[in-house]
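Protein chains in written order, with my numbering: chain A, 83 to 212; chain B, 109 to 530; chain C, 9 to 139.
Read the hints as simulated data drawn from the structure, not as lab findings. As the structure is a computational prediction, the values presented were derived from the model and not from experiment. Treat the hints with caution; some may be incorrect.
[What the hints assert, rightly or not] The list that follows gives simulated cross-link-like pairs (lysine to aspartate or glutamate, EDC-like), each with its CA atoms no further than 20 Å apart:
hint : chain 1 : residue 1 : chain 2 : residue 2
1    : C       : K119      : C       : E57
2    : A       : K119      : B       : E413
3    : C       : K30       : C       : E101
4    : B       : K493      : B       : E469
5    : C       : K45       : B       : E260
6    : A       : K137      : C       : E87
7    : C       : K119      : C       : E98
8    : A       : K146      : C       : E101
9    : A       : K93       : A       : E138
10   : C       : K19       : C       : D49
11   : C       : K86       : A       : D123
12   : B       : K371      : B       : E430
13   : C       : K18       : A       : E161
14   : C       : K19       : C       : E101
15   : A       : K84       : C       : E57
16   : C       : K86       : A       : E161
17   : C       : K48       : C       : E101
18   : A       : K137      : C       : E101
[As the list claims (entries may be wrong)] Some chain B residues near chain A, calculated using beta-carbon distances under 10 Å:
hint : residue
19   : E363
20   : G364
21   : I367
22   : N512
23   : Q517
[Said to hold, decoys possible] Per label pair, the in silico range of CB-to-CB distance:
hint : chain 1 : residue 1 : chain 2 : residue 2 : range
24   : A       : Q101      : B       : K371      : 22 to 32 Å
25   : C       : G71       : B       : E460      : 49 to 59 Å
26   : C       : Q34       : A       : S105      : 53 to 63 Å
27   : B       : S375      : C       : E75       : 44 to 54 Å
28   : B       : H120      : A       : K146      : 49 to 59 Å
29   : B       : P259      : A       : Q101      : 48 to 58 Å
Beta carbons are placed, not taken as given, at the ideal position from N, Cα and C, and that holds for glycine.
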Amino acid sequence: MKYILLMSSTKTGVSGYHQWSQSDRDAHMQTLGGIAKELVDSGEFVATQGLTEPKEAKMVRGEKNGVPVTDGIFPESKEFLLGYWIVDVATPERAFAIAGRISAAPGPGGIPTNMPIEVRQFAERPAATN
Amino acid sequence: MSGPAAELPIEHLLRELAPQVLGAIARRFRDFSSAEDAVQEALLAAFRQWPKEGIPENRRGWLIRVASRRMTDMMRSEIARRERESAATPEEEPAIEPVEEIEADMDPEDTLILLFMCCHPALSPSSAIALTLRAVGGLTTVEIANAFLVPEATMAQRISRAKQSIRTSGVPFRAPNPQERGERLPAVLHVLYLIFSEGYASSIGAQLQRLDLAREAIRLTRGARALLPEDTEVAGLLALMLLTDARRRARTGLEGELIPLDKQDRSLWDRDEIAEGTALLTLALSKGTVGLYQLQAAIAAVHDEAVQAADTDWPQILALYELLQRVAPSPMVTLNHSIAAAMVHGPARGLERLRLLDGDERMRGHYRLDAVRGHFFEMMGDFRKAVQHYRMAAARTTSLPEKNYLLTQAARLEETASEPNS
Amino acid sequence: MKYILMMNGKKSDFEGYARWSKEDLQANVAFMRSFSKELKDSGVFVASEGLGWPNEAKLVRAGSKGEPITDGVFPESKEFLAGYWIVDVESPEQAYAIAARLSQAPGPEEKTENMPVEVRQVLSSHSDLGL
Numbered sequence: 083m084k085y086i087l088l089m090s091s092t093k094t095g096v097s098g099y100h101q102w103s104q105s106d107r108d109a110h111m112q113t114l115g116g117i118a119k120e121l122v123d124s125g126e127f128v129a130t131q132g133l134t135e136p137k138e139a140k141m142v143r144g145e146k147n148g149v150p151v152t153d154g155i156f157p158e159s160k161e162f163l164l165g166y167w168i169v170d171v172a173t174p175e176r177a178f179a180i181a182g183r184i185s186a187a188p189g190p191g192g193i194p195t196n197m198p199i200e201v202r203q204f205a206e207r208p209a210a211t212n
Numbered sequence: 109m110s111g112p113a114a115e116l117p118i119e120h121l122l123r124e125l126a127p128q129v130l131g132a133i134a135r136r137f138r139d140f141s142s143a144e145d146a147v148q149e150a151l152l153a154a155f156r157q158w159p160k161e162g163i164p165e166n167r168r169g170w171l172i173r174v175a176s177r178r179m180t181d182m183m184r185s186e187i188a189r190r191e192r193e194s195a196a197t198p199e200e201e202p203a204i205e206p207v208e209e210i211e212a213d214m215d216p217e218d219t220l221i222l223l224f225m226c227c228h229p230a231l232s233p234s235s236a237i238a239l240t241l242r243a244v245g246g247l248t249t250v251e252i253a254n255a256f257l258v259p260e261a262t263m264a265q266r267i268s269r270a271k272q273s274i275r276t277s278g279v280p281f282r283a284p285n286p287q288e289r290g291e292r293l294p295a296v297l298h299v300l301y302l303i304f305s306e307g308y309a310s311s312i313g314a315q316l317q318r319l320d321l322a323r324e325a326i327r328l329t330r331g332a333r334a335l336l337p338e339d340t341e342v343a344g345l346l347a348l349m350l351l352t353d354a355r356r357r358a359r360t361g362l363e364g365e366l367i368p369l370d371k372q373d374r375s376l377w378d379r380d381e382i383a384e385g386t387a388l389l390t391l392a393l394s395k396g397t398v399g400l401y402q403l404q405a406a407i408a409a410v411h412d413e414a415v416q417a418a419d420t421d422w423p424q425i426l427a428l429y430e431l432l433q434r435v436a437p438s439p440m441v442t443l444n445h446s447i448a449a450a451m452v453h454g455p456a457r458g459l460e461r462l463r464l465l466d467g468d469e470r471m472r473g474h475y476r477l478d479a480v481r482g483h484f485f486e487m488m489g490d491f492r493k494a495v496q497h498y499r500m501a502a503a504r505t506t507s508l509p510e511k512n513y514l515l516t517q518a519a520r521l522e523e524t525a526s527e528p529n530s
Numbered sequence: 009m010k011y012i013l014m015m016n017g018k019k020s021d022f023e024g025y026a027r028w029s030k031e032d033l034q035a036n037v038a039f040m041r042s043f044s045k046e047l048k049d050s051g052v053f054v055a056s057e058g059l060g061w062p063n064e065a066k067l068v069r070a071g072s073k074g075e076p077i078t079d080g081v082f083p084e085s086k087e088f089l090a091g092y093w094i095v096d097v098e099s100p101e102q103a104y105a106i107a108a109r110l111s112q113a114p115g116p117e118e119k120t121e122n123m124p125v126e127v128r129q130v131l132s133s134h135s136d137l138g139l
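Isolated chain A, as found in the complex:
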């Protein structure tokens, strides 16, 4: 069963990350790297992607005279996607456990970030009957 694990943050949250010390950031990346390697080894890893910062986000709504209508204005409270993991696991509990580990990755001062991670199952594609 495929699940997507979504990590989001407001703009304020992101600039908070900028203030982390080098050792805190290294510890965080090391934990995530370890989780990734485990998932690759267990065959549960499908993909992961990081997105560039919300600063650069654009909203596109249709076009006017053949030119896309874009703007970069978002409410302060908007939660931006920072990145995601896609895993292929046997049970929902396994997906939640993986999300829990990512959430427990250390942040400033080595304290777990406890970042909330949204877990969504992919719509099942109907099996071919022919």
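Take the given structure of chain A and dock chains B and C to it, following the hints.
Positioned in the frame of chain A, the structure of chains B and C alone reads:
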């Protein structure tokens, strides 16, 4: 079964042979696009069969035979389709060409023809890159797709459309005349340079089974140099690649982090590549012309000859950037020029030069502008502003290793600035 | 350059979508299919997923012993990711043009505005996650 060349892995053998076979088939059948498909299939067949049955003595002949059979099959089924649809008089069946005849027609210039065709200015950069790697480089679609992290089907489509563009534009399969060569060589060099840059940029961090694109670019450029031995910009490009590639083992740290030039362990630099690159450059420059790749290579050579970062001949680098500004101005050149200016005349001068870019649309929001500014403020001891700019650059960069590097710099500076005796 | 194009919706948007007429739904699905196909044919398609109705969405955070604590309670105003496309293009303008087409996907007659599509560049995966 086979001679010393059997020691080489099969894919290396195949990559060398691929453009030769493609040239022969494209010329004989006068259909570059279908020939390219047929040759790909022959390569894949060789890849499957040679490990089991042994490498044939006449490898090229084998590939030509398989590819031309495929071409004739494709032509036959096309004829059959047309006959079914129109009930016209039966067309003549295409004859099976003897391999020896096809080989007799071969021209050492074929690879050059292919290179010019695949790097045609009408193609977008990513199309030209994909097609060049396949048709001239002999790489498989899967290898190229993996190198660029796109699905195989997408890369196959990209290559197919590139060939379609070539077909529609009617580019003939013949050697470019001297004038065409002069006009179109820059596009060829640009594509090779892009392949190298992509390969070198992705050499940061842990290595996967990814194809070494930087090495591929060097191999292709060596090929170009063999075909155009008198051309100084081809030599300059090859020199630039070698002088840059020489540093690759030093640019990644143990955790896969980025290490900038001035902090690299220079004992890890490849001295042979540096020697080769420098010799090539000296030869090219002795011919009197000065082009953009030769200048960039010269700058790389000055960096590479410094035993330690502190020994770097910055005044020479500054002079070279001044020349580069005249030969091939660009915002990136201005940026790098400002760094050299700062190293020679102090960071205030560097900042002055950077202001030239403030109005430049092309640089607006570009992370390097903030990164370099941050560096100058750090040099001046204005840590608060340096940290600010490093963080702005980190927010803007699209590269994860660069982002981490910039945030680390900012964190380090902040810790230094808050120390009691700083 | 790789870009992600995202479509988000609040719970009320998903509920509204579920009430579209059969014809409107079919038109929308057909549009999305042909949109993906166009991206594949032009050699820019990297990935896409439809995430659909988030009624089973869970929020997970680590408990004090690192155990996962899940709950499924979200504010009414929360925007859920409904689907995304990742494309590999030569310029941001190309990404916006593709997003503009996506945002003009057909909906019911009452729909007066184009759907907003969020566009972000993807971080290059020369990463240090050791993958």
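(request) Provide an ascending list of the numbers of those earlier hints which the structure does not satisfy. (result) 1, 2, 3, 4, 7, 10, 11, 12, 14, 21 and 29
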